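There are 2 protein chains.
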Amino acid sequence: MTGADFVLGVDSGGSGLRAVLGAPAGPLGTTPLRTTLALSTPVRSKEPVRTGPRGIDARHLSKQLTPMVGQLLDEAGGGRIVAVAVGAAGMATLGDELRAELPSALAESYGVRRVALAADAVTAYAGALGQRPGVVVAAGTGLIAMGTDLTAWRRVDGWGHLLGDCGSGAWIGRAGLEAAMRAFDGREGGSAALRARAQEMFGEPLSGLPVQLYPRPDRPAVLAAFAPEVGRCAADGDPVAVRVLREAAGHIADAAVAARPADGACEVALTGGLLKLGDVLLDPLEAQLTERLPHARRVPAAGDPLDGAVRIALDLAADTLKLPHDPHLLYVTG
Amino acid sequence: MTGADFVLGVDSGGSGLRAVLGAPAGPLGTTPLRTTLALSTPVRSKEPVRTGPRGIDARHLSKQLTPMVGQLLDEAGGGRIVAVAVGAAGMATLGDELRAELPSALAESYGVRRVALAADAVTAYAGALGQRPGVVVAAGTGLIAMGTDLTAWRRVDGWGHLLGDCGSGAWIGRAGLEAAMRAFDGREGGSAALRARAQEMFGEPLSGLPVQLYPRPDRPAVLAAFAPEVGRCAADGDPVAVRVLREAAGHIADAAVAARPADGACEVALTGGLLKLGDVLLDPLEAQLTERLPHARRVPAAGDPLDGAVRIALDLAADTLKLPHDPHLLYVTG
Numbered sequence: 001m002t003g004a005d006f007v008l009g010v011d012s013g014g015s016g017l018r019a020v021l022g023a024p025a026g027p028l029g030t031t032p033l034r035t036t037l038a039l040s041t042p043v044r045s046k047e048p049v050r051t052g053p054r055g056i057d058a059r060h061l062s063k064q065l066t067p068m069v070g071q072l073l074d075e076a077g078g079g080r081i082v083a084v085a086v087g088a089a090g091m092a093t094l095g096d097e098l099r100a101e102l103p104s105a106l107a108e109s110y111g112v113r114r115v116a117l118a119a120d121a122v123t124a125y126a127g128a129l130g131q132r133p134g135v136v137v138a139a140g141t142g143l144i145a146m147g148t149d150l151t152a153w154r155r156v157d158g159w160g161h162l163l164g165d166c167g168s169g170a171w172i173g174r175a176g177l178e179a180a181m182r183a184f185d186g187r188e189g190g191s192a193a194l195r196a197r198a199q200e201m202f203g204e205p206l207s208g209l210p211v212q213l214y215p216r217p218d219r220p221a222v223l224a225a226f227a228p229e230v231g232r233c234a235a236d237g238d239p240v241a242v243r244v245l246r247e248a249a250g251h252i253a254d255a256a257v258a259a260r261p262a263d264g265a266c267e268v269a270l271t272g273g274l275l276k277l278g279d280v281l282l283d284p285l286e287a288q289l290t291e292r293l294p295h296a297r298r299v300p301a302a303g304d305p306l307d308g309a310v311r312i313a314l315d316l317a318a319d320t321l322k323l324p325h326d327p328h329l330l331y332v333t334g
Numbered sequence: 001m002t003g004a005d006f007v008l009g010v011d012s013g014g015s016g017l018r019a020v021l022g023a024p025a026g027p028l029g030t031t032p033l034r035t036t037l038a039l040s041t042p043v044r045s046k047e048p049v050r051t052g053p054r055g056i057d058a059r060h061l062s063k064q065l066t067p068m069v070g071q072l073l074d075e076a077g078g079g080r081i082v083a084v085a086v087g088a089a090g091m092a093t094l095g096d097e098l099r100a101e102l103p104s105a106l107a108e109s110y111g112v113r114r115v116a117l118a119a120d121a122v123t124a125y126a127g128a129l130g131q132r133p134g135v136v137v138a139a140g141t142g143l144i145a146m147g148t149d150l151t152a153w154r155r156v157d158g159w160g161h162l163l164g165d166c167g168s169g170a171w172i173g174r175a176g177l178e179a180a181m182r183a184f185d186g187r188e189g190g191s192a193a194l195r196a197r198a199q200e201m202f203g204e205p206l207s208g209l210p211v212q213l214y215p216r217p218d219r220p221a222v223l224a225a226f227a228p229e230v231g232r233c234a235a236d237g238d239p240v241a242v243r244v245l246r247e248a249a250g251h252i253a254d255a256a257v258a259a260r261p262a263d264g265a266c267e268v269a270l271t272g273g274l275l276k277l278g279d280v281l282l283d284p285l286e287a288q289l290t291e292r293l294p295h296a297r298r299v300p301a302a303g304d305p306l307d308g309a310v311r312i313a314l315d316l317a318a319d320t321l322k323l324p325h326d327p328h329l330l331y332v333t334g
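Protein sequences, first through last, are from chains R and V. In terms of our numbering, the first sequence is residues 1 to 334. In terms of our numbering, the second sequence is residues 1 to 334.
There's no promise every hint is true.
Said to hold, decoys possible - So the derived label-pair ranges between C-beta atoms look like this:
hint: 1; chain 1: V; residue 1: A192; chain 2: R; residue 2: G78; range: 43 to 49 Å
hint: 2; chain 1: V; residue 1: R292; chain 2: R; residue 2: P215; range: 45 to 51 Å
hint: 3; chain 1: V; residue 1: T66; chain 2: R; residue 2: G16; range: 36 to 42 Å
hint: 4; chain 1: V; residue 1: A192; chain 2: R; residue 2: V299; range: 31 to 37 Å
hint: 5; chain 1: V; residue 1: P48; chain 2: R; residue 2: G237; range: 41 to 47 Å
hint: 6; chain 1: R; residue 1: D319; chain 2: V; residue 2: G237; range: 52 to 58 Å
hint: 7; chain 1: R; residue 1: P48; chain 2: V; residue 2: A262; range: 48 to 54 Å
hint: 8; chain 1: R; residue 1: P215; chain 2: V; residue 2: S109; range: 29 to 35 Å
hint: 9; chain 1: R; residue 1: P48; chain 2: V; residue 2: R216; range: 16 to 22 Å
hint: 10; chain 1: R; residue 1: G14; chain 2: V; residue 2: G52; range: 36 to 42 Å
In case anyone wonders, no lab produced these hints; they're calculated from the structure. These numbers come from a predicted model, not from an experiment. Beta carbons: idealized from backbone N, C-alpha and C, even for Gly.
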């Protein structure tokens, strides 16, 4: 089995690992991203890569990746991997072991020398805007904005549910649950509608909510799971829910404004699960972005972080990678 | 050794266990609380009582309490315990095992039948206002307000750092750290002063703060440890810190308003470590309380939760307990 040359894109996050093979279908950048890149069907492992004392566990990632790559190459009828890009949540702060060990592990397994290890916010950027200057806000359970003028990155927020992630799913859900508890207490700022939704989700009385939330390791996800309820209450006109989403829109715009390239025109894209909240969030957000980023063109995200990983790997293979290298955000070997 | 009759007051919280003996020095309620109650010097165990699958671990509490009571009785020259009141953090939601097992354990150890098991917010109330109707806000790392008209309790907030505790030390510290991260990012709402304080406390660059905070089990305490810095920045005139404390004052007043007895005059007291922030918090808080609780008389707290436990035990011994019984907040046997 010899076959074609492929690149491998990998996305590692809280819900597991995804991997896909890519190969250029034509001259790079001439056709829309999704149709250019998606060669294989992605394969998944639902086990999130562990974090150990030295950060993201490189061996745990490699061990999960090996059978996934085997399956991808089998399905493609064999072939050779010429470049790999891995986007991982926590890469910026917890990527030391990955940067130290993963490139050599990939070289040993597949003979590949060109490897990019990227923060998931960078693969989100590449998936959304490719190699054009601009700002991408990735908003799901958490929230981070990445901007670049193709010289350097600007990383904004992404500090987690206690220090930031302002406007994220966890932020919106937390604010909604606080309003539910305020209604339960008869305090100012409460919402009977949000209280009713919280009771449906967590049971009555709501005084039982703390013991359901605090012992869990995935508290941000529990909070974010309530964000769609806030969206529904806002769509029904609940003023507290409407205010929460308006404030979230303001925070998301804060992040986009701080991450934008210093001068000139650029593009702004939003990506991530939070967009599913729909117009109740997007209408105030568009209004904020129009007002506060008048020189930025709003564009839809072309693809997701896995598309971005493939895109980076293809550019790496073709020696056309223009996104700025950075020891923590976009670490490149080979 | 026969000696006198004593009551035992116990306070169980996040920083360990405290116990003290009390005995009336005169007719109850005729002299200031502290001089009436404090017979012995309190003894401490710095090991917080464990929480197991059935809630607060009754045996762990008993085991720690036994030598403490032995020491107290020795120092008092011997005597008999005629009533016990235990105030415990988490009693309302995690007190099932304590209520099921502690009264019989105390009966076995000391022959005592009169036992009160109280939420720490109830002992805070009794310590601050004794048996008079009113509202007590206990504000430290967390925040809870208890109010009573001596018929029933009104419990407000105390839902923890993700669902409430609005205006608490963790709330103020979290808001301050968010403002520090906003300054680090160049986002709206940032404070250079708070950023500088956070860098002093957690090191530079502040992008290292998340990995210092999130893995810790005592995240609320870490957040609350930053509240004094917010206080100092506010005292220096930092507008963001001033706004955080003004909002905190509003939230504390929200809790007091919701917990107040339904009708008539009453007293309002504040207790807990948050008061140490001083005028930067207390000035806006007094303004809010004056405006929003015009019929409530602001009084200083007479004592702390341990004083409150002794007070409840004395009233229990004398058959004069007027504070409302409640299966979760003030559970009484004998």
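Results for each hint:
At about 58 Å, the beta-carbon gap between A192 (chain V) and G78 (chain R) misses the expected band of 43 to 49 Å. At roughly 35 Å, the beta-carbon separation of R292 (chain V) and P215 (chain R) lies outside the given 45 to 51 Å, and the hint is violated. Restraint check, T66 (chain V) to G16 (chain R): a C-beta distance of roughly 50 Å breaks the suggested window 36 to 42 Å. Our hint of 31 to 37 Å for A192 (chain V) and V299 (chain R) holds, since their Cβ atoms are close to 34 Å apart.
In this structure the supplied range 41 to 47 Å holds for P48 (chain V) paired with G237 (chain R), their Cβ-Cβ distance being about 46 Å. For D319 (chain R) and G237 (chain V), the hinted distance range of 52 to 58 Å is satisfied, since their beta carbons lie about 55 Å from each other. Hint check: P48 (chain R) to A262 (chain V), Cβ distance near 51 Å, so the stated range 48 to 54 Å holds. Between P215 (chain R) and S109 (chain V) the beta carbons are some 31 Å apart, a value that agrees with the proposed interval 29 to 35 Å.
Between P48 (chain R) and R216 (chain V) the CB atoms are about 21 Å apart, so this pair conforms to the stated range of 16 to 22 Å. For G14 (chain R) paired with G52 (chain V), a C-beta distance near 29 Å fails the hint of 36 to 42 Å.
Hint compliance for this structure: hints 1, 2, 3 and 10 are broken, all remaining hints hold.
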